[in-house]
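Line by line, the protein sequences are chains E and W. For the first sequence, UniProt numbering assigns the number 1 to the initial residue and increments by one for each residue that follows. For the second sequence, UniProt numbering assigns the number 1 to the initial residue and increments by one for each residue that follows.
I should point out that these hints are in silico values taken from the structure, not numbers from a laboratory. Note that the coordinates shown come from a computational prediction; the quantities given were computed from them, not determined experimentally. C-beta atoms are modelled at their ideal positions from N, C-alpha and C, and glycine is treated no differently.
In silico DSS-like links for lysine-lysine, alpha-carbon gap of 27 angstroms or less:
1) W:Lys46 <-> E:Lys32
2) W:Lys321 <-> E:Lys48
3) W:Lys88 <-> E:Lys32
4) E:Lys125 <-> W:Lys321
5) W:Lys210 <-> W:Lys263
6) E:Lys125 <-> E:Lys48
7) W:Lys321 <-> E:Lys56
8) E:Lys191 <-> W:Lys8
9) E:Lys32 <-> E:Lys48
10) E:Lys56 <-> W:Lys438
11) E:Lys90 <-> W:Lys46
12) W:Lys263 <-> W:Lys8
13) E:Lys32 <-> W:Lys72
14) W:Lys321 <-> E:Lys60
15) E:Lys60 <-> W:Lys438
16) E:Lys48 <-> W:Lys438
17) W:Lys438 <-> W:Lys321
18) W:Lys263 <-> E:Lys191
19) W:Lys72 <-> W:Lys438
20) W:Lys438 <-> E:Lys32
Simulated coverage check for chain E against chain W, where a stretch passes if three residues somewhere in it have a Cβ under 8 angstroms from a Cβ of chain W:
21) 13-23
22) 163-176
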Amino acid sequence: MEAFTTHTGRAVPLRRSNVDTDQIIPAHWLKKVTRDGFEDGLFEAWRKDPEFVLNKPQYKGATVLVAGPDFGTGSSREHAVWALQNYGFKAVISSRFADIFRGNSLKNGLLTVVLPQETVDRLQKLVEADPAAEVTVDLVDRQVRAEGISADFELDENARWRLLEGLDDISLTLREESSIVAYEANRPSFKPRTIEV
Amino acid sequence: MGRTLAEKVWDDHVVRRAEGEPDLLFIDLHLLHEVTSPQAFDGLRKAGRQVRRTDLTIATEDHNTPTLDIDKPIADPVSRTQLETLRKNCAEFGVRLHPLGDVEQGVVHVVGPQLGLTQPGTTVVCGDSHTSTHGAFGALAFGIGTSQVEHVLATQTLPLAPFKTMAITVDGELPEGVTAKDLILAIIARIGTGGGQGYVIEYRGPAIEKLSMEARMTICNMSIEAGARAGMIAPDRTTFDYLQGRDHAPQGADWDAAVEYWKTLRTDDDAVFDAEVHIDAAELAPFVTWGTNPGQGAPLSARVPDPASYEDASERLAAEKALEYMGLTAGQPLREITVDTVFVGSCTNGRIEDLRSAASILEGRKVADGVRMLIVPGSVRVSLEAVAEGLDKVFTAAGAEWRHAGCSMCLGMNPDQLAPGERSASTSNRNFEGRQGKGGRTHLVSPQVAAATAVLGHLASPADLSDVATPAGV
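Construct the complete structure from the given sequences, taking the supplied hints into account.
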């Protein structure tokens, strides 16, 4: 996983709540067996509308998505994260994320930042008024900065460390091999097995 | 202090606990399907890793599978490639697979329980958000992303952040004609799509205890639509009776030891939940959704709400956008909404009890002219059971289409889709924009409401059928 320390870029305001993962990447895109090539599927239905914010030339090349509350609800599809990254987003800001989406993001190095709705509103207003305004998402200092805005955000220390270092979860867990073996040795015999009977 | 059911199951699976780090949890059962696993197997291959516990892993094909002509090659080459990829991966890594055409094939969340693999006190994961279904057995079950699928394949564990606990207590008794689906839709409308965020919900109380395992699965299945990490119901006699004798249920001395353990899986009297919600079952009625998220629902007797009635600005905007997408007008009675398609199936309502319930209403009646009704059993086993009971004949006599098992129109990854602007009454779990096909409009309903709606052509409950004559000799 690519490490995330700090990122500065232009931002897109997405004024919708409950953006579910079916909107982020529709199901017919999930037939692909790779982790890339999802950029054209991102918000596919909405992008058919020329007025959709991502279609506006002034937001071309933006790398931070400032979204409404409850972003990433619904399906567990990690393809939603890959689609955002394939398109070029490095960070998503919202007042609330669905759990699975957030977990998936952090595993792929897409930083999801939770800020109070009032701050999200201010950021959206800022980039609506000035699409060229830059937003900095600083994981080292756990802070989002833009013109006239400076907001601290929370992220648990362990998740932050993994992101800052770009660490692979599986390698970290495999260091605990002896604990896993010890646990397995004590599992009751009545626990189910999938071996065909 | 006492512990809740969820905390007990969690504690029993901690492989490693360290200050400032997420607990490392052992996973008892890992379910796989074709959509969220290819990139995970690819990751293993690139890192030269194996599947650590093939004996705790099982795969089936469900999302892409057609429900017609299953003996012919799959027409969509991309769907075919995905299924072939799963077959290759399972063969290479030694994972048990029930492919299309196999008697144990079906929607992954129907297959696990019916094989007896889903058991109380286990941890169950799958790269699918509706894994919460398995919580009906008192299992801690949750959906994961593909990176986590790879993690579980490689290590049979997951590092997991702590959760909060929520009790949803349903007092009283569900009125006649009110089902588990109506109850869970009402709960989501009440707490909202983000109301369960960060929580494991335990459903409890007299109305829950009376529910069958099928109905409990419907409830837990939709926990994710309230944003919850998982949903659980304490195991009891109903759970044990369902499991006994199934292929993978414990046997002999193991059965006794298991039941003894399972009986301990109840929230202690002095345990404290982080949040509590109380619902009076007696106040509930058939419930349907009018909007584009599962929290946008109302009793069938209500009207489409006026967005202006919402105080919260983002809810108001969401309601406006939903009405526009759904082609509805504020104040329109929900009962007057006509549908083109009725879908009975999915991991929410594709089990035998759901099919029986829909068939009992369709028996001797006809699907309304111009309405297409699809019946898609949750698994081949469910299908065989329905055929043995003659339910398929009831459906086809009524003019419904009897299909092969799979996820089908719940998410329209196979050819079963809504056309743009088409409207459905669907027993599935998500009414998101385009979920059942580009431009399709979905109303979530119970199997009973689905059947009554199919007969009348507009959203309706079985009670509305009293004046529809049952033609003699049909």
